[in-house]
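Peer 1: Next come the chains, spelled out residue by residue.
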Amino acid sequence: MTEVLVLTDVSKVHPGGVTALDSVSLRVRRGEMLAVVGPSGSGKSTMLHVMGTLDRPSSGDVEVDGRRIADLPDRALCALRARRIGFVFQQFHLTEGVTAQENVATALLYAGLPPALRRTRALEALDRVGLGHRAHHHPHQLSGGERQRVAIARAIAGDPAIVLADEPTGALDTANGQGVVELLRDLNRDGATIAVITHDRDLAASLPRRVELRDGRIVADVRAAEQTVRLGVAR
Amino acid sequence: MSDDLTRPVRLRPLDLLRLGAGGLRTRPLRAFLSALGIAVGIATMVVVVGIPASGRLALDRELSALGVNLLLAQAKFDERTQRLPPVPEEADAMVARIGPVTAAAAVANTSASIRRTDAVPPERGSGITVLAARPGLMPVIGAGVASGEFLTETSSALPVVVLGDKAATLLGITDVSRQRPVVWINDRWFTVTGVLAPAPLAPEVERAALVGWQAAKTWLGFTGHPTTVYVRAAESQVEQVRKVLAATVFAERPSSVVVSRPSDALAAKRITDTAFSGLFLGLAGVALLVGGVGVANTMVVSVLERRREIGLRRALGSTRGQVRGQFLTESALLCLGGGLAGVLLGTLGTVGYALSRGWPADIPPAALGLGVGGALLIGVLAGLYPAVRASLLTPTEALATP
Chain A
1 MTEVLVLTDV SKVHPGGVTA LDSVSLRVRR GEMLAVVGPS GSGKSTMLHV MGTLDRPSSG
61 DVEVDGRRIA DLPDRALCAL RARRIGFVFQ QFHLTEGVTA QENVATALLY AGLPPALRRT
121 RALEALDRVG LGHRAHHHPH QLSGGERQRV AIARAIAGDP AIVLADEPTG ALDTANGQGV
181 VELLRDLNRD GATIAVITHD RDLAASLPRR VELRDGRIVA DVRAAEQTVR LGVAR
Chain B
1 MSDDLTRPVR LRPLDLLRLG AGGLRTRPLR AFLSALGIAV GIATMVVVVG IPASGRLALD
61 RELSALGVNL LLAQAKFDER TQRLPPVPEE ADAMVARIGP VTAAAAVANT SASIRRTDAV
121 PPERGSGITV LAARPGLMPV IGAGVASGEF LTETSSALPV VVLGDKAATL LGITDVSRQR
181 PVVWINDRWF TVTGVLAPAP LAPEVERAAL VGWQAAKTWL GFTGHPTTVY VRAAESQVEQ
241 VRKVLAATVF AERPSSVVVS RPSDALAAKR ITDTAFSGLF LGLAGVALLV GGVGVANTMV
301 VSVLERRREI GLRRALGSTR GQVRGQFLTE SALLCLGGGL AGVLLGTLGT VGYALSRGWP
361 ADIPPAALGL GVGGALLIGV LAGLYPAVRA SLLTPTEALA TP
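Going down the list, the sequences are from chains A and B.
Following UniProt numbering, the numbering of the first sequence begins with 1 at its first residue and continues without gaps.
Following UniProt numbering, the numbering of the second sequence begins with 1 at its first residue and continues without gaps.
Treat the hints as calculated values from the structure; they're not laboratory data.
Hints may contain errors.
[Unchecked claim] Covered by chain A, per the in silico footprint, the following chain B stretches (three or more residues, Cβ under 8 angstroms):
1) 151 to 163
2) 358 to 367
[As the list claims (entries may be wrong)] A short list of chain B residues far from chain A (calculated; beta carbon distances all over 12 angstroms):
3) R12
4) T26
5) N69
6) A96
7) R188
8) S256
9) V290
A virtual CB, placed ideally from N, CA and C, is assigned to each residue, including glycine.
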């Protein structure tokens with residue numbers, strides 16, 4: 001089985017009747033790197049939440065690493081997130097007052113690693129994002145780009161099945177943003193499966209696969225090597 | 001389905017402690033201030049328990065130095081005849097024959113009046129009673145002589161007087177070692193030959209002027225009926241002696257003799273001195289309650305401020321239970337710190353107070369244990385609501401916090 005994430009006819013209707021996702025189906029294979037792109041209000045955030053098991057769909061099936069999340073209670077989803085899903089957020093969400101290494105190590109807490117191993121893995125992850133030398137710096141001593149790299153290290157430290165990056169360049173200037181995208185590409189080349197959720201069409205176009213979302217529907221799913229496949233408008 | 005991937009881990013206690021401490025470490029001033037409330041409450045509690053305990057310990061030591069084996073048999077004033085009952089003159093000698101009794105001595109109220117000089121008008125009474133006393137009184141009541149000497153068999157027939165320490169102060173005679181002043185009793189001069197040291201077990205003797213048995217008969221119209229017999233008995237037999245004492249003192253009418261144990265009366269009096277401690281314990285409880293509310297408030301604010309952290313942790317795979325545990329631990333640690341500081345402050349306060357009073361410091365270990373345990377309990381209670389609130393946040397809500 002090579003699919004790490006499968007969405008089948010997933011719909012999400014928010015309380016109040018707003019349909020955020022409308023029969024979305026998506027398969028992400030191990031080792032893929034894709035962009036989920038769309039303007040604001042297109043359902044990107046809901047898509048991220050559903051992909052990351054932070055929210056359950058109103059209907060349809062979500063499978064993460066072979067597990068149907070509809071079958072799992074909240075506790076099991078937490079465990080699954082702790083072990084198989086890494087998140088990168090636009091606002092980094094680093095804890096002030098503790099070092100970069102501790103910020104990364106925290107993520108491994110919920111996967112049940114003993115403290116010494118958490119610290120070693122955290123250091124390894126920081127090395128992979130090129131911040132090994134900054135391990136003992138506090139977030140406020142780091143630049144925005146460096147902070148996002150720490151957040152990426154946190155996401156990959158547990159070796160997840162998939163990394164979900166929500167507007168990872170949104171809070172960064174162009175140069176730093178490009179650096180972060182380069183890092184994500186490098187990680188993907190080394191085998192990580194990465195989904196970048198963004199409104200930035202240029203960024204999306206630079207990735208091997210682009211899933212375009214509009215009004216809660218997938219209107220395009222394009223692989224760089226393949227021909228454009230138009231879906232949404234025809235349907 | 002539940003496999004290894006979907007089974008949540010159980011956080012190690014040490015990890016939970018580290019999580020809880022992390023929240024406090026990043027906001028040290030706030031943690032300090034809210035722990036201070038708890039510390040004040042616990043410190044008050046320790047002091048309120050510790051000071052009376054120290055006082056009681058001091059009293060116990062004082063009493064055991066004075067002896068708790070002293071009994072007192074007093075003639076009861078007869079309301080009907082307006083007179084004291086005629087207790088036999090040899091009552092103390094009879095009491096001394098009871099097996100476990102080690103010593104007995106009588107005093108008798110002579111109803112004589114004592115004045116500093118004959119120039120003081122009789123209506124200006126000094127408030128000092130004149131007692132006829134047996135020569136063996138001193139060791140029985142456990143008192144000593146501060147100056148001069150006590151009545152002897154010989155001096156008992158002479159016009160001499162020994163003053164109790166309060167009586168001596170009232171008359172302005174505290175030292176008789178260089179010269180022997182005289183005082184006016186009824187209508188003649190008596191020479192003061194001694195001043196007693198304080199006698200805590202016989203306060204009535206402290207306020208009296210003591211004259212010899214024979215002297216009282218000779219010059220003060222004393223009829224020879226004792227009014228009080230002081231009795232020392234073997235400590236283990238005090239209760240047995242107490243039962244037969246009234247009948248021995250006055251076989252004809254035992255009911256007109258009241259038997260008491262002065263050490264009990266003294267203890268009761270001292271304990272009422274510290275009876276207000278209940279009020280202070282209540283105040284300490286209020287302080288603790290206020291401290292607990294402060295901690296709850298801090299925790300609620302903390303949960304509000306840290307919604308994003310909660311969201312992040314949920315995204316990282318923390319279960320609701322683990323979020324709850326984190327905040328509960330934080331609150332419990334906060335109060336535990338306050339409790340430990342409070343116990344320390346309270347101990348210092350108690351020791352300081354005890355030292356200033358010359359008491360031995362005594363803090364019941366239970367008070368320390370309850371202080372720390374109580375603080376911990378308050379921490380858990382205060383943290384319960386905020387922790388549950390934190391755990392009920394959905395990850396998407398929490399992450400969406402601006």
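Peer 1: So which of those numbered hints doesn't the model satisfy?
Peer 2: Hints 1, 2, 3, 4 are the ones this structure does not satisfy, whereas the remaining hints hold.
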